[in-house]
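Q: Chains A and B, in that order, are what the protein sequence lines are.
Reading the first sequence from the start, the letters are residues 1 to 245 in my numbering.
Reading the second sequence from the start, the letters are residues 1 to 355 in my numbering.
None of these hints come from the bench; they were simulated from the model.
Using N, Cα and C, we set each Cβ at its ideal position, and we do this for glycine too.
Be careful, since some hints might not be right.
Stated by the list, open to error - Label-pair restraints from in silico Cβ distances: (1) B:Y145 / A:V86: 25 to 33 Å; (2) A:P37 / B:T256: 52 to 60 Å; (3) B:G152 / A:R12: 31 to 39 Å; (4) A:N173 / B:I311: 41 to 49 Å; (5) B:Y127 / A:T132: 40 to 48 Å; (6) B:A251 / A:G39: 55 to 63 Å; (7) B:K124 / A:N173: 54 to 62 Å; (8) B:L28 / A:T117: 28 to 36 Å.
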Amino acid sequence: MHLLEVEKLTKRFGGLTAVNNVSFHVDEGEIVGIIGPNGSGKTTLFHLISGFLKSDSGTIKFKGENITGLAPHKIANKGIARTFQVVRPFRHLPVIANVMVALKSPRGAKKIEWIKTFERKAIDMLEDVGLTELMLEPAENVGHGDLKRLEMARALALEPDLLMLDEPFGGLNPLETDFLTKSIQRIHLDHPSRGIVIVEHKLYALMKIVKRVIVLHEGEKIAEGKPEEITKNKKVIEVYMGKAM
Amino acid sequence: MVTGYFRRAYSSFVAHVLDIPPRLLALLLFLLLLSFPIVNPPSSTLLILTTASLLAIFAASWDLLVGRTGQISLGHALFFGIGTYATGLLSYHLNWPIWVTIPLSVLVGFLAAVLIGFPCLRVKGHYLALVTMAFPIILIGLILYFKNITRGDAGIWGLPKFFPFLPYKQQFIAEYYFTLLLLFASGIILYKIANSKTGMVMVSILDDELASKACGVNITKYKLMAFAISGIFASLAGSVNAHLLQVANLASLRVTLSFMVIVWTIFGGLGTIYGPIVGVYILQVLDQYVLTKIVDVPTPWRIIIYSAIVIVFVLKWPRGLARFVTDKQEDLEEARDIDERGPRIWRTYKKKEKK
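Looking at chain A on its own, in the form it has when it is part of the complex (with noise of 0.2 Å):
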């Protein structure tokens, strides 16, 4: 049984069709990469297992259970926990608090092993990312490169069996990069169990993590496959830098 499976999953915006009978799976301790160009229905892909859009036709299945159509609160408490391409902090709050909210939530509460306060498990979150400076800093004062980390610091809070980052590298420098690389290898060590997806723009970042690529163009599925194929695939180097004259 795979941990989360797609089937047939279509979503359609008036004319466009943004996701167009996709079908992956990911199994437990995997990271799976998602690529393509700008618009070819990553993100959609994203909102469509978190459950902030339905889809339009298709099934997806998360640990063998049907969770197609919940609420995206739901989803998030079954253990998918995702972060937002454009970062989507609670600016009035400290950072802590950021995550602590993820922590008031029902799965959140539930994961506190009982010899740890909520306080404490709060700190563990930022000390994996490596934000506990920041701590009691209200949010909006806070950088981007931090709020990338705080975004993926509060989707850890909630001990997630499948995390979906999306595009953690997205306006980050080089050494920043070189950090989050690390905090999400050392994510993947410390709990192997835990199936991470990743879409990403950035290729040479994400080839360096991930153990299998699905390559998105138009909203259609056009390769699947182990890092060093894909970059050799012929169709995604079309897709990438255009047809050879």
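Given chain A, work out where chain B should sit, using these hints.
A: Just chain B now, with coordinates in the frame of chain A:
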């Protein structure tokens, strides 16, 4: 020269008075209000402050809903009116004692808030504001239609007083203390809720609903909770106010009340809970006492002067009175951290010495 004097007085005020922690400031204000009857004020002056206490509960309840959860309500007088009419109808038709009707009307306010919360949660932002604005008007229509039960335009008169066994003058003092304690209790409860973990989740909904959902928060539940808590305290204020004035009429549902609560809250500091409470006291005393009893300007002029003062202060302190005080304190603390020469007032003196 005069402006220089004022500036020095102001900086001395900032350095000495604003340096007191906010909790102590709140306690001082409360003690001041507690000891106010010692100066033996006329009953009408006491009544202004008694009403202000109830309006402060009302403003704080609005602040929890709007300042913390971000659910804009332009018809909050609805809950005030529901409290007023619930206690009025129960006393008038069933002759139930005051200590039964007030808790019951709070219960009615709670149920109404939950009932109204459901349709209101389907809309957001400006549309929510418009929807909430409609409800008090609907209730006014219903009250006018069912004349034989509600007595329509005339209103229900002669509701029982709180302390009928006391002599006339003592009643005002007793009522003054009763409402003040009620405000103190409700203020603390609302403040605790707003600053609890539940309040934190409410702020997350104000900031970003989508991200809140992604964190696994059931936002419908928290929005309904905010509506319900707000409805409870607003209807409590309404029902106590009805017995204070011994009348339940359509004035409790007036549109002005829904909008005055916005003025008080923005003036005091949106989202702080204690800000609106202070704001109500300052603005009510300004309107009802300073501009009516001391200066005694004719009504149209009173409204113009009042509005002008409010506009000037809102422009000067866009984040409200409470936020202005806390910001100044943070500035002072920062100044103290940066150089060890002490509070700002010392520095101004030192500058003088150099000259």
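Q: To test your reading of the hints: which numbers does this structure violate?
A: 1, 3 and 7
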